[in-house]
Structure formats: C-alpha cells, structure tokens
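Construct the complete structure from the given sequences, taking the supplied hints into account.
Here's the letter readout for the chains.
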Amino acid sequence: DTGVSQDPRHKITKRGQNVTFRCDPISEHNRLYWYRQTLGQGPEFLTYFQNEAQLEKSRLLSDRFSAERPKGSFSTLEIQRTEQGDSAMYLCASIQAPRLAGPLDTQYFGPGTRLTVL
Amino acid sequence: EDQVTQSPEALRLQEGESSSLNCSYTVSGLRGLFWYRQDPGKGPEFLFTLYSAGEEKEKERLKATLTKKESFLHITAPKPEDSATYLCAVRPQGGSEKLVFGKGTKLTVNP
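Chains A and B supply the protein sequences, listed in that same order. If you want my numbering, it's the 1-based position in the first sequence plus 98. If you want my numbering, it's the 1-based position in the second sequence plus 502.
FYI, nobody ran anything at the bench for these hints, they're computed from the structure. The beta-carbon is built from N, C-alpha and C at its ideal position, and this holds for glycine as well. Honestly, I wouldn't trust all of these hints.
Here are a few chain A residues that face chain B, going by a calculated C-beta distance under 7 Å [said to hold, decoys possible]:
| # | residue |
| --- | --- |
| 1 | Gln139 |
| 2 | Phe172 |
| 3 | Thr174 |
| 4 | Ala186 |
| 5 | Leu189 |
| 6 | Phe207 |
Non-contacting residues of chain B with respect to chain A, defined by C-beta distances greater than 12 Å in every case (computed) [what the hints assert, rightly or not]:
| # | residue |
| --- | --- |
| 7 | Leu513 |
| 8 | Gln516 |
| 9 | Glu519 |
| 10 | Lys544 |
| 11 | Glu547 |
| 12 | Glu560 |
| 13 | Leu564 |
| 14 | Lys570 |
| 15 | Glu572 |
| 16 | Ser598 |
| 17 | Gly604 |
Written out as structure tokens, the structure is:
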C-alpha cells in the first residue's frame with residue numbers, strides 16, 4: 099500500500115532547537131498539503147504545493163516555518179527556534195488535482211508527526 | 503469566513519444504540535463536504551465525500567447526508583470498534599482546495 103508516509107512519527111525537542119519533518123505523498127499526486135492539529139481541535143491548513151511550487155501559505159505559518167518540495171515529490175517542513183506553542187500533530191495530505199475542470203478528488207492524510215517542545 | 507461547527511463535542515453510546523452526528527457549515531461556495539475518522543495518535547482516515555444537497559452515501563454502519571446548511575453522519579447499531587473522533591471538513595471555492603475542519607465529535611461506544 100503506497101499511502102502518504104511521514105517521518106518521524108514522534109519528535110521531542112527543547113525550546114529553541116530546529117526540527118525538520120518529511121512527507122512522502124502518494125506517488126501520482128501532484129498536490130501536497132501541510133496541516134497542524136492541536137489537542138481537541140481539527141486540522142488547520144498551513145501551506146500547499148502544486149508540484150514544486152508553493153502556492154499558498156496560511157497566516158498561521160510564521161517566519162520560523164519553512165516548507166519545501168524541491169523536486170515535486172517529497173516535502174519537508176522545518177521549524178526554527180521552536181516554541182512550546184509549536185507542540186502539535188503535523189499532518190501531510192496529498193491529492194491529484196485535475197488538469198481540467200473535472201471531478202474533484204479527495205485529500206488522503208498521512209499518519210502525522212507528533213511534535214513535543216519542552 | 504468559512505466555518506464548520508460539529509455537535510455534540512462528545513457522544514457516548516451503548517453498543518447497538520443508533521445516533522447521529524451533526525456538522526453545520528457556512529462556506530463561500532461548497533466544493534465538497536468530507537467526513538473523516540481519526541483514531542488517537544493517527545492521521546484522519548477518509549470516509550465520505552458529498553457534493554450537493556440531497557446526496558447520501560453509505561458504508562457499513564455509517565450513512566452521510568447533506569443539506570444546504572448541514573450534514574449528518576448517521577451511525578446504525580454501532581460497535582465498540584466505531585469509537586473514534588469523526589471530523590467534518592468543507593472545501594470552499596478557491597484555487598488551493600484546502601479543507602476547513604470542524605473540531606470533531608469524539609464517539610465512544612461501550613460494549
């Protein structure tokens with residue numbers, strides 16, 4: 099089964115450290131999304147890529163956050179100078195966007211990376 | 503602003519006791535309403551997509567329905583393995599096709 103995969107599954111870090119997460123989407127999917135989910139809340143959109151281009155960023159994505167998808171395949175999300183408020187589950191999702199105005203597809207999510215900032 | 507409200511926040515049922523979860527929404531042009539199931543510590547698992555009012559979809563003990571302002575997830579004769587958080591999301595008009603989620607309903611089914 100080649101679903102969305104994320105690495106690592108869990109990360110514990112100290113405040114002020116930098117962390118990087120990786121997402122591998124479903125292979126034929128050209129769009130990749132990052133969401134953040136805190137306890138008791140639904141996922142919130144952070145950013146998305148169409149192939150290698152980052153096309154939208156949420157205002158939730160502060161300057162300490164950066165995301166890349168260099169070859170249009172896997173993506174990385176880096177958080178610099180982590181703060182305790184960054185503790186959350188970081189979710190990745192992918193979708194095959196239609197080339198024409200065809201039926202819309204469904205976003206499939208990975209297992210997430212649980213970040214704990216001490 | 504696009505918004506999704508789910509109720510109740512938590513629901514406890516006895517095995518076999520049918521019920522419904524509600525998802526009400528306000529959105530600038532609906533391009534799909536989605537139901538996901540999420541188990542603790544895991545990513546959301548896709549259940550259903552609904553596109554237009556009057557549409558219904560079923561899968562095992564679950565049935566999702568859609569009106570112009572809300573969606574219901576009906577659970578018939580639930581089993582303990584149906585215990586999870588059920589998330590509702592809408593996809594507004596706009597190029598990103600990002601999902602806007604509600605906070606979810608945590609369902610517990612007791613044997």
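To see whether the hints hold, each was checked on the structure:
1. Gln139: This hint holds: glutamine 139 (chain A) lies near chain B, its Cβ roughly 6 Å from the closest one there, short of 7 Å.
2. Phe172: 16 Å, violated
3. Thr174: 18 Å, violated
4. Ala186: Where the cut-off is 7 Å and the nearest Cβ of chain B is about 13 Å from alanine 186 (chain A), the hint is violated.
5. Leu189: Status holds, d = 6 Å.
6. Phe207: 4 Å, holds
7. Leu513: 15 Å, holds
8. Gln516: 25 Å, holds
9. Glu519: 25 Å, holds
10. Lys544: 6 Å, violated
11. Glu547: 8 Å, violated
12. Glu560: Given a closest Cβ separation of 17 Å, the condition holds.
13. Leu564: Given that every Cβ of chain A is farther than 12 Å from that of leucine 564 (chain B), nearest at about 16 Å, it holds.
14. Lys570: Non-interface label on lysine 570 (chain B) holds, nearest chain A Cβ at 19 Å vs cutoff 12 Å.
15. Glu572: 16 Å, holds
16. Ser598: Answer for serine 598 (chain B): violated, closest chain A Cβ roughly 5 Å.
17. Gly604: 5 Å, violated
The structure fails to meet hints 2, 3, 4, 10, 11, 16 and 17 from the earlier list, while all remaining hints are met.
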